[in-house]
Each structure stands twice: as C-alpha cells, then as structure tokens.
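Peer 1: These are the residues of each chain, in order.
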Amino acid sequence: MQRLPAAPVFLERRSYRQRRMMDAIRLLPLVGLLLWLLPTLWATSDGAGVEPVRMSQAIVYVFGVWICLILCAGSLWHYLKDSSENAVDAELGVKAEPK
Amino acid sequence: MASINLLIAVCLTYVAFLFLVAFAAERAAARGRGNWLRSPLVYTLSLSIYCTAWTFYGAVGYAARSGMEFITIYLGPSLVMIGWWWFLRKLVRVGRTQRVTSVADLISSRYGKSNVLAIVVTIMAVIGVTPYIALQLQSVTLSLSIFSDPTGTTDGGINLVSAGFWVALGLALFTVLFGTRNLNVNERHNGIVIAIAVEAVVKLVALLAVGIFVVWGVAGGISEMMVRIDNSDIGQWQVDGSRWTALTVLSGAAFLCLPRMFQVLVVENDDERHLHIASWAFPIYLMMMSLFVVPIAVVGLDLLPENSNPDLFVLTVPLSQGQGGLAILSFLGGFSSATSMVIVATLALSTMVSNHVVMPIWLSFQGQGATVSGDVRNVVIFARRVSILVIIALGYLYYRVSGGSGALAAIGLISFIGVAQFLPAMIGGIFWRGATRVGALTGLLVGFAIWIYTSLLPSFGADVVLSSTLLEQGPFGIEWLRPQALFGIKGIDPTVHAVLWSLLLNTSGFIFGSLVSFPKPLERLQGAQFVNVFANSGHAYGWSGSAAQSEDLMVMAQRILGGAEAQKLFRREAQIQGHDRYLPEPTPDFLQRVEREMSASVGAATAHAMISQLVGGASVSVQDLMAVADESAQMLEYSNQLEAKSSELLDAARQLRDVNAKLTQISVQKDAFLSQISHELRTPMTSIRSFSEILRDGHELKASEQTKYASIIHVEAIRLTRLLDDLLDLSVLENGQVSLNTETGSLADVIGHAVTTTQAGAIKQIKIDVSGLDTSIELDTDLDRLAQVFINLISNAQKYCKSSEPKLLIKATKTDNEVCIFLTDNGLPIPVETHALIFEKFSRINDQDGSGAGLGLTICREIMIRLGGEIDYVPASTGNRFVLRLPA
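Line by line, the protein sequences give chains A and B. With the first sequence counted from 1, adding 20 to any position gets you the working numbering. With the second sequence counted from 1, adding 1 to any position gets you the working numbering.
The following block holds chain B by itself, in its conformation from the complex:
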C-alpha cells in the first residue's frame, strides 16, 4: 500500500520532471531548434486540457450514476472539431490577425475595443471557471485520501479541508512559476505547451492502462466485458433525450468558450494547418479517453462496496485488486489532468484579469496614463501573479462552501453553462456585422444572471445561499420565478432548464440589443474586419500619427515590451521606412504595429487606450470612416472602370475587325487594280508594238499604209498617255496631294466652258439644254477642276447616250448652304445591278467600244470630294441623272 508520503514524493518528482521538460523546451525554442515544439501533434495534445480531472475521475463516476450520458461531454467537442470549417477556422484566423489574447480580448476587441465588455467577460469567466478549479482541487484531495482509505467510504486519515488548502497552494505556486516567466502572450508558452502535451500522454496512458487492466485483467476479454456491462445496473439504455441533446450542445459550446480552451485553440495556435490535423486527431484522443469509462464503471460497481465513491473507481479498482503500481500511475494521470487544467485556466484568466481589470485601473490611477515612468512589465507580471493566487483562492473557497461533496460531473456542468454564455456574443461577433456592443452586453448580462440564478446558486444546496422556500415557491412566493422552474414550466431537468433559458434569453437579448442600438465607428470597423477576416487581412482604421512623438512611443513600448524587444521593433521599422535614424516616423502603420505588439502583452483594449493617450483622442475620425467609404467607392469605381475598359476593348476589337476587313478588301482591290491597269496598259502597248514591228520589218509597205499604221501607233500612244495622265491625276487626288486653286466665278461660265470644250471637234453631237441654269449662281471653288468634272460628264453623255435624239439637260439650284447641279440625259438607264460600280475604277458600264479607261467618273468623284461636295448617280424616269452638290 502506497503511503501518502510516497505519493507526495511521486508528485514532487513528477512536477520536477515537468519543469525540466518545460525548461528544455524553452531553451530549445530560444536556440531556434524548437520547430518540433510546434508540430500538429503537440497542438493536438495540448487541446487535451479539455480532459481534466472531471474526465479522469468524474466520467467514470458519471457513467456509474447515469450510464452513457457521460459521453455527451465528449461528443460535443468532437463535433466542433470535425466541423472546424464552420467556426474554428474563422475563429483561429481572427485570433491570429487581431493578436487576440483571450476570450475577453476577442469580445472586447470585436465590439469596439470596449473595456466595459472586457471587464464583464473577465468577471464572468472568473466566476464561471471557479467551480471548475474547485473540481480539480476536490479530485486531487479525494484521490489523496483514497490511498489512506481504499474503500473510499470515509474521509480517511487526512483532513480533506487542509489537504485541499495545500493542494491549492501547490497548484498556485506551480502556475506562478510556470506561467508568468515571460510576458508576451503571443510569444507563446513553449514550455507550458510541451508540459501539457506530456501530461496529455500521461493521462491517456494511465486511463488506457486501467481500462486494459479492467477489460483483460478483471473481466477476461471484450465479449465477457460486454456481457458484464449488459448485466450491470447500468446495462440498459436509460438516457433522458433532452439531457442528451442539451449536454451535447452545451459541451460543444463550452469547448469553444472555456478560457483555457481558447488559450490553446487560438492563442497558442502557430499554424492554421495544425487545426486541420487536430480536426480528426483530437476526436481520436477524446474517443480513446472515453473508451474504457463504462467498463471501469461497471467493474467498479461490481467489485466495490455499495457506498464507495464512483468518482474514484479509477483508483479504487486497481487498489482493490492489489495493483499498487497501476494505482499510482492512475493517480499520476489524475494529477496530470488536474494540474494541466489549473495551469492553463488560471493563466488564461490571470491574463484576462491583468489586461482588462488591473491594467486599466492602474493606468487611470496613474493619472498621466501612458507617459508615466517606470516599467509597466513589472506591474503586469505582478498583476498576473496576484490574479493567479486570487483565482485559485476562489476555487478553494467554492470547494469549502460547496462542502467538497458534490459529484464532479455536476460541478463541471455548472461551469460549462456559465462559460457557454459567451457563445452568442462570439458567434454573432464573427458572423454578424450588425452585432453591437449594447447587444453583446445585454445578452451576456442576461445569460449570466440566469445562470447564477438557476444553476450556480442552487448548486450550493438549499439554505446555503438560496433558502429552500425560495427554491420551492419562488421569490416572494412568485411561482413562475422559481430558480429551477422559470415561467412556470416544471418538470424539466435542472441542467437542461438552465441551459435552455440562459442561452435562449442570452441570444434573444443579444439580438434585440443589437437591433435597437447603433454601433460606434470603431465598432463598425472592427465588426467589418472580424466578419470579413478572410476577405481583408488588412486593417481598416489608422491612427493619425501627427500628434504622437516617436520618443514617447519608444518609452512606452520599452516599458511594455522590454528594452531589447522595443528597440528591435523600432529599428526594424526605421529600416522599413528607409532611413537610418534610430527612431522611425510615427506613421499610422507604425502606430498600429506598436499597438498590436503591445496588445499581445496587455490586451487590445489597454494597448488601444495607451496609444490613444499618446496620440490624443479617438483613433477613428470621420476622415477615417470616409477613407473606408472611399475605399469601397474606389473599388466600385475601379470595377466600373474595368467594365468601361472592357467595353472599350470590345469596341476596339470590333474596329480592328472592321479595319482588317477593309484592309483585306483594299488588298483585293489593289490586286484587281494592278491586274486591270496592266491589262489597260497592255492593250495599247500591244498594238503599238505590233504596228511598229510591221513598220520596221515591212520594207515594201505603201506610204498610205505606213501613214495608217503610224497614225494607229500615234492614237494608241495618245490613249496610253491619257490613261497615264488619268492615273496620275487620280493618284494625286486620292492621296490628297492636290493643291486647289480656289477662285470665284459663275457656275454658268464654268458649264459654258465645259460645253464648248466637249462640243468642239466631237463627231457625235448631243443637244445640251442649259436654259434652266440660274446664271446668278456664284461659286467659290477650284473652277478648273469643277470644269473637268463637267467635261467628263458631258463627254460621257455624248459618248454613251444611245438615244436617237440625244439630249442633256443641265439644271442648277441654290439653297442656303449648297448648290445642286443636275445633269440628266435621255439615254438608256444604267442597269440597276451596276449602280454600285459606277464610280469604281475601270468600270465601263456602257462602254462597248472600249475606248475609255473607266477612270473618268472615279476622277470626278475624287474631285468633288476634294472640293467639299459630292456626286451621286440617280436613275431618272427617262434616262440617267447625275447630281452634284457643292457647298455654297
């Protein structure tokens, strides 16, 4: 039989071993060899502080009392972990980007860095966790007592109250030594995390060892064990459905809200990928922890006397079988569970207390705020140490007042309901931008009040805090206010009752408060950052840095971060800002970085308050809000610009396509033009060559023949020259190189000149009627070029008008801004299908003899365009009509 002294020696050795492990881990981390300290395995194991002495001892007791119901406490967290995608993923990201140090910091930071909220949450957390710490004290003292009296029926040879005191003191010292060695929470407690991981392994191994001993050593195998389970008192399904559901939900909620869980899940998280792995690895741990609970409970019920405490079966079963070594291992497992929980929980709580309660009060007492002299670090560390002592003292007090007699699971559940009150404010804060500080405060206070009234106070038992009359008949005899039957709904299980009403009214208060209140600017900004954490990891608001002096900032940062750390930060910033001066400029970015660094040590609200004292005034001004609004406006504008650009691009693409088509067409035209022009040149050249060959070789030609052939050559040469002249003319016109010789003259004169020129020497005379011509029309244009157009048109009519009495009617009208000239003949109308080709090069519509080059009308059109007018062909009823328009 192990004596108490031996146990104490074992405990001390174990603690010393943990210290060594923690110390070695911190040394390794300091030397930069600590990568393995931050592996997914260590992260997963550190989550196991969820499994406290409640799990280790209480679960078996719970199972012995209520069968399978105990397992709901592990189902909830398993579901939360497996469903990491829904909530934990965002929570961890928010925690990392905002450098959150605790639950209180998260909630306060989300709702505009409100210190009131932080204090409320801190107080609630301290009160909520107190029963839990009491539970650990109770379990350790009980387990100590069992070694002096293995049946567990009496208090044994030791005084439970004084033993509790010594255990509490030991745990407090342990935590102070462990937890407050360094200040910056975001430096992360490598040593503690490793120690917790080791303890996680110890408790798992211990529980599995007892379980294996029970199943294979006592019962004799799995199937025998199953038979034994079915034949035991708890062999039948006896779970209350409402409790099963409520406890599953509650444990899931508490898993997220417990300050110590938040510490290891979010604050100590080093890499988000670790969370992905823990999402399936941690449920394995939970499952293994609960695997042997029912067998141990069943065997305990079988082997041990009727009145032994089922909470201690893990110890008493091995002891009753004479397995002293196994019992000591099991005791160590329980001790590990209790110590790891107390360390992390008090550490998390002391951070909250010092950051959100002590520091603000201390700063306001200092009067001048952040600019006082002295090292704030010492104050913070001192505050944390005192907080640890106070929190553990509260736990001890609860243990004393509640008599240390309650079932472990019942105490644990009370604690769970208390911390679960943070859930609406947390979830709402992360997913709902409309959640406000007022709403959060309302919900928290309502939920917490109901928790105290329906769960915490009744837990002390009748007539300790609440009188039994009040419990049974309600305050002042008001039935529907009875603590365990609110609103007159009786018959609900007290735990389910407390969970239901506290969370329901909490959520309602939260939503209602948020709906009717209006958030402050900082709240709205923080809300946007939290809810959209995946969209913008940046920071929406900025300090206006003009008022802050770098020297003041340096002094303050040194006092909170420590000299070396602060100097490093400032030097790095100076380098980033690109000057080698020792102090960087207090830019908004830099102020924000300093605030973040400081918030890791003293919490967001305090850091914010300190910086704002230096900078002077609120950090969020209308300008900042405008900047934020601007940002979205800019995005909007940007997207509009993009849209405009894309339509511009579409336009451009279409134009390019058009141009390309035109180019292709032009290229085709050019080819056609070249081939036509070669053809046109070739025809006269061929006859010139043939006839000149005849002249050269035909020595016996008659003189008349020689003359005839020479004149053919002459005519062809003239035709060639004319063609080349026309081409040259056209090319000059088309290239726009023509120089216009503008003069003023009468239209009638120009037409008269053209008629005279065409009629002279013409074989076929056409009757030209210019009687309808208004002789008063004066033109200010290049008259020679215009005459060229008329000559062309008249000679065309002369050549191609096939009427028996060819006639050409020339008329002109003048309006305000243009002169219209109509030339109408009475020849055969041009076929409709060739209308489009009239003005094209080399198009000879009616030219059967082939004497024309087909360039005349093209030249006319080009001239008209140069003169600023146009020429059109209009089919007339009895012939063809050309319409010329010129600017007046």
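Excised from the complex, chain A in its bound form:
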C-alpha cells in the first residue's frame, strides 16, 4: 500500500485548538438538525388530553435555535478565518490549489 508521509501524532497547542474548532464546524449542522427535529416530538392539537405547544413558543424556539446556530457558525468562522485555509490543507495533507 501507498504510504503517505506520517502526520505528527501530537500537535502544538494552537493547531490543536484549530482542529477542535474544525470539529465544531463539522458538528454544528448535526446539532442544528437534532434541535430542529425536536419539534416532531411536540404535542400537536390532535394530541388527546395534552395541551398543544403554542405557536408563539414554537416561533421563539425555532428562531432561537436559528440565531444560536448563526452565532456559532459566525464566531467559528471568525476564529478560523486567518488560519483555516492552511490548517485545512495541512490537515488533509494536500497542496493548496494553484491560483
């Protein structure tokens, strides 16, 4: 098998932090999906004997999640914007696309 140059096993603190932030970026849509699928479990107006969730609550919840996701995505972008290109490429062991 073709062996690629071995990546270092341990990273210095800064690159380590960047990697974890990249993990967070990858995780974020999954968290969003989970939170936005929660409403499928809510009681509806057909539910017998259970008070259905009110529309105003639903709006607050859905838009609240939305704002949180945007804030997270925005701050992660801000954190990684200077280094992301290099770090991403380094992580994947690739050369940058020729401009």
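Read the hints as simulated data drawn from the structure, not as lab findings. Glycine is no exception: its CB is placed at the ideal position from the N, C-alpha and C atoms. Among the clues, some could well be false.
With a straight-line cut-off of 25 Å between C-alpha atoms, the simulated SDA-like cross-links for lysine to any residue are [claimed, not checked]:
| hint | chain 1 | residue 1 | chain 2 | residue 2 |
| --- | --- | --- | --- | --- |
| 1 | B | LYS91 | A | VAL80 |
| 2 | A | LYS101 | B | ARG39 |
| 3 | B | LYS663 | B | GLU735 |
| 4 | A | LYS101 | B | PRO41 |
A short, non-exhaustive set of chain B residues, derived as facing chain A with CB atoms under 10 Å [stated by the list, open to error]:
| hint | residue |
| --- | --- |
| 5 | GLY68 |
| 6 | LEU80 |
| 7 | GLY84 |
| 8 | GLY236 |
| 9 | GLN239 |
| 10 | TRP245 |
| 11 | GLN666 |
| 12 | VAL669 |
Coverage of chain A stretches by chain B, computed from C-beta distances (three or more under 8 Å per stretch; other residues unrestricted) [stated by the list, open to error]:
| hint | segment |
| --- | --- |
| 13 | 45 to 54 |
| 14 | 87 to 99 |
Fit chain B to the given chain A structure using the hints.
Peer 2: Chain B only, in chain A's frame:
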C-alpha cells in the same frame, strides 16, 4: 388605488433600473474596477435566488394553511450552509477545478464525460423546474390581478390566462437580453449577479417592511402580536412530524440540486472563502426572510375575508389598510423574487440544453464534427436563446394545464422532489469512487420515474393526466401500484410518500447499478479526480497530442472562444512553451487547457467530443492508465526509497557515532602514547645527563669510575637508540609503509636462526625444544621479518620465564591454507585481567626490571598483520602460549 397601468409602468422602470445596474457592473468589470462586484456580500445576496416568489407570496399562504411547516423550506438550506464543510466545500472545489458549467455538466463529467447522462439530467432538470417557473408566472399574474380586485376573491378585471402569457413573454425577453450577451459561462455574469443582489435587497426590504407594518402598525407591538398569533387559527402546534422531517431534508437536497442554485453556488463562485462567509451570512438572510411570515399570515387571516387567497396576504394586507405605497413596494419585492429566479433558472437550464442537447446533435449533423467552418459561438448563443424561450413556454404550458389554481407551496414542493433526484448521483460522485455511470443512470431514471408517477402527474388533479380510477385503485386494478400509496402502504402524506420512495429507490438503484457494473477508464480517472479533489488538483489523463494539428485547434478554438480570446490563449501558450512562433505545439497539457477553456463555453462533454475528433480516438488509452498506475507505483517506490534512505542515514549516523568514539579513544591513546613515550625517553635521558654532568664536573674521578659512568651512558644511549628504532619500526609498520621482501624458505631455518641469535650472549639460558617442528614446512613470506617476530618472542620467554628450569617448546602444524606455530613456555601465566593489554604499546606485564620498552609484542603483532597472518596469546595449563598463524 394603484392602477394596472401604474404597476406596469413601475415594473418597466424597475427593469430598466436593473438593466442599468447590470450594465454599469459589466462596464466596471471590463475596466478592471470590478473587485467589489465579487465580494462575499454579493455572493451571499446572489444565493438569495433560493427565495423566489414562492417565499415571497407562498410562504405566507403556506403558513396560513399549515402553520409553522413553511419554515422547513428554509431550515434545510440553513443546515446545508452551516454544514458547508461536509459537502459544499468539496462541491465548490470540484466545480472550480473542473470548470463545471451546470449540474448536468457535473454529473456527466464525473461519470466519464458521458453525454447520455448529461442529456438525461438536462431533461430531468427542465421537467423538474417547469412547475417552478409556472409558479413564478402564477404569482406575478395573481399579484397583478389583486390590484384590480383587492379582496382576491375573484379573478378581477384582467384575464389571468392572457396576463400569464404577457408576463411569460416579458420574462423571456428579459432573460434573453440579460443572460446571453456573452458566451463563456466561466467569465461569469457580473451584470446578472449584481442585478440579482439588488433584487435580493429589494425583496428582503419589501418583506421586512410589510412585516414591520403588520407587527407594529397593525398589531401594536411584539407581545400583542404573540397573543394574536396564539389566538389565531394557527395558534397551536399542528405539524405532522413526518412532513416536518421530510421537508427539511428535501429542501436541503433541493438547495444543492436546483440548477439555479448550482449556478450561483458553484459556477458563479469566485473565491472559496466567500463560501465560508456565506455559511453564516446566508442563514441570516433566510431567517430574516421568514421572520415575519407568521405575523403576516395571522393578521391576514384576521383582517381579510374568509375566502381570500392567503398566498397574496403580503399584498392584500397593506392594501386593505390603505397602504398603497407599501403594497407597491411589496409588489416589487414579489416581482424581484420572480424575475431573479426565472432569469437564473432559465439561464442555467438553457446552458445545459445548448451544451448537452443542442450542441452534440448539431455537431453530429455537421458530419465532419469540429472541423467544419463557421462560428460555433453563434450557434451556441442561438441555441441558448431558443432554449430560454422553450423553457419559459413550458412553464407557461404547465401554468395553463394545472389551471393556475394550486397553492404556490404545493407546486414548489413538486419541483423540489424532482430536482432532489440528482442528489444521490452528486453525493455519490463526489465521495464514492465506486460510483459508475450505469449506477448513476439507473438511480436517476428510477427516481425520476417515481417522481413523475407519484408527484408530478397527480399534481394536475384527477382525470387530467391520470384517471381518478387509476389514482384510487392503481393501474389495472393493481392496488400496490397506486401512485400515492406505493407497495400498499397507505396513509402517508403524498409529499412524504413521493420523497421517501423516489429518493430511497433512486439511491438503491444508484448503489446497486454501481456495484454490478464496471466503469470505463475515463470514468475511473474522473472518479479519482473528483473524489480526491483536495489531494490532487492536477489532471490525471492526457491527450496524446501527436495527431492534432495546431492549426485545426486554432480554428476550432476561435469559433468557440472567439478570435481575440483564442489568439490570446494560443500566444500565451506559445510563450510558456518558450518559442515565439505564433502557434504552440499541441502538447497534452495544452490540449487539456483548450478543452477546459472550451468546456466553459459548451460544456465538458461537448468540448471533450470536439477535441477527441481532432485528436482522433479516445483520450484515455491503456498507456494513460499505465501512466496513472505508474504514478502510484512511483509514489510507492519513492516512499520505499525514502524509507531505505532513512535507514541508510540511521546506519551512517551509527557508523559516525562509532567512528567518533574510536577517534576519541584514539585521541586518548595518542595522549597516553605521547606521555608514555616522553616518559620512556626521559628515563635514559635523565641518567645520560646526570652521568655526563658527573663526568664533566668530577675532575677527581678515578679512571674506573669514569669507565663505569661512561659505560652507563653508553648502555642508556643504546637503550634509547633501541627504543627509537622500535618506535620507528612500529610507525613504519603501522602506517603500512613497510616494503616486504618476500622469499621462500623453510620455517625450521627461520626458527633456528632466531634461536641462535637469542641464545648468543644471553646470560640466562632457556631450554628451547624444537624437536616437534615439522622441518618440511616451507613458507613464502618475508623471512627476516618473521625471524624478528620469533626473536622477540624467544627473547621475551628468555627474559621473563621465571621457572626454575625455563623451557620453551616450539611446534608447528600445517593445514591446507595456513601454518600454525605454537610457542609455549613453562613460566608464570600472565594474569587474566591483563590479557587484553599484552599487545598494546608500552605494556610491560612481567617486566619488573623495566629494561624493555614494551613495544616488542606490538611490533610482532604489526609484522604478523603485514604478513597476512595473526598472533594470539593463549593461556596454557602450565605457562604461556603464543599462537602464530600464517597463510600457507
């Protein structure tokens, strides 16, 4: 009240304004001042063509009908954007490196530049988007009609059918004028993108204005609005979980697959960093667009009569409150949404149609293919214009057939399910190298067939295309084939049903087809390039350029790229190739570049076909594949070499360490040697000096004393001379400068000579027994040097053997290739701990009187080494034994 004429005037002014903006943008770009045109903001705003008239009008209607469910259409794309890392990042990179022009181009390019696949995808996209275009027509005509009859209860004063026709015609002209001014898709439509960005702002501002008016102007604040929402018909949570999930997934899929979204996301992308910014900026836009949807719906339900069309609340609510200006702004917002969508969608589709359907057919009709005369550019542009007209005509037809009565959201969803069928082939193509053309084709056709059967045809209503008996009882009365309850599973919502079965069977067909088929070489190469796009941005295959003539290439490129553009390309290439001739050599690299440039204009499959006609034959040969295989073999070899090198380096390092240790040791030895030698020289020198001083100063010395002292000086001088002789001898031996005087002689003679020499004049006689010596042994070596060794050994034994009857036994044996000589005495054995030092310089093991210099055995060893033999010390049971080995 705004009249229809006023509205038309407003629309025309608005369109003229857009033209101006687009024109100014293209001028600025042409003058090289267009950097701001390609900012992340413009990119994000251009993505907003996702929000069409469906969003602008339909979302409110959707909310009025089904509560919060409308929001799923925006949640899916938000998740896709926030999760850009997973898919969009790779898609955009692939699109940029492969110069992809459309979804069809992407899929065809991935699966071996297959034209069949491109045609299938194009047809599917056209059919899939047709309802969507109809939706835009419907929304614009409805919004026009509302101004003549604000209640929205009747068709109003205008004929909806003819109004639809005029709207369609207007949109078609608008798109033709806007979109087909230049050919190269990868030159990117600066003007259009800017116009879309402006429209994005207009529709957002319009919707926010209506929303703010509704919340603060009508309801009187946020908390009042919330109370009002809770008390309305849609005040309670009534969402069906399966629809909520399916629609979220579906909208995310459609966001990626819609041809117009692909156009702005991938083709018009100028910088991958813009995508990073849009990943959070576009969700903000979507959120703002949907922020006031529920309030507008609730207020509309409250204020307007029972039977008014909820799709038009955005217009009717301001109108009912006497806000004519706001209504016109809102109308402009809706108009913006519709026009931007139609422009980009038809542009994307017309590119696909002209590149993948018209051009291949035209080329094959031309017979000689790429070598015909005439400007292909005109053909391409003409094909695009016709395609635009045809696509909009199809939309109008759908609008007529479906009666223009359906809810906007329902129509939009049908379209979404249709285009979402591209998703398995797209994702599979980018992430799975095993995906093949057969698999993609199977999946697409299966998914598309199910979409038509379960979603598109039933959407026309019972008895229009499908009879109501078929809808209820299935074809030929086969229950489990009913369009909205496949496989006998009843009770699923029709949309969820269509999404579930079409995507499930599509994916299954795709995977199964890929597993059982075998890809062609080009497919495998393209597959590797797509999947490993981050690892190699290079191009794995090459044309074998010998057959192509630069002149032919030039002619062809000029016809597709345009004269100036092609000449620039060729001149630049000639410069790169390093000769000033006008035409560059048709190297594989250059052919590839030309193909890429052309594919930006006519699509990958067509460009590939045209080049291959010139070059002759398939571009991928066994040799190319071997080259690719070679490449990996080379990498493997390279890594092996690296490994070997690194172990070599380790070896070298170890050797260096050893050498270094030796050097250190030698340096220590040298120091020791120097100090010893100084000591050795000093001892005789000291006595010579003292006695010569006595002789000089002692005038009253007796003659006997003088003689005694002089003889001491003499003895010491001799000792000094001997020491220096020995040192000199040793140094000559050690440096290998000794010249051997090889002669043949008997070993017994040599030993006899040595014995005679040592016995002569010796005070202490040792009994030497040479009886065991084989006299027949002949040697071919430097006999004098060998004798020196024996003399040394015998005199050592003579000096140091402390036995009462000193005895030395000399024996010799001869084997095939060596002669062994043993000299054994019966003296005290040398202590074990000093064995290692016997042959070292200045080591005087048993020399208590200090008469020897300690160099004798060292010299012996050096001589033996020079003679090609060796000398060893072996402790014997009753004394000491030296073993000499010599080559026979």
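Peer 1: Hint by hint, say whether it matches the structure.
Peer 2: Hint check:
{"no.": "1", "hint": "LYS91(B) / VAL80(A)", "in the structure": "violated, 34 Å"}
{"no.": "2", "hint": "LYS101(A) / ARG39(B)", "in the structure": "holds, 18 Å"}
{"no.": "3", "hint": "LYS663(B) / GLU735(B)", "in the structure": "holds, 17 Å"}
{"no.": "4", "hint": "LYS101(A) / PRO41(B)", "in the structure": "holds, 13 Å"}
{"no.": "5", "hint": "GLY68", "in the structure": "holds, 7 Å"}
{"no.": "6", "hint": "LEU80", "in the structure": "holds, 5 Å"}
{"no.": "7", "hint": "GLY84", "in the structure": "holds, 3 Å"}
{"no.": "8", "hint": "GLY236", "in the structure": "holds, 5 Å"}
{"no.": "9", "hint": "GLN239", "in the structure": "holds, 5 Å"}
{"no.": "10", "hint": "TRP245", "in the structure": "holds, 5 Å"}
{"no.": "11", "hint": "GLN666", "in the structure": "violated, 38 Å"}
{"no.": "12", "hint": "VAL669", "in the structure": "violated, 41 Å"}
{"no.": "13", "hint": "45 to 54", "in the structure": "holds (count 7)"}
{"no.": "14", "hint": "87 to 99", "in the structure": "holds (count 6)"}
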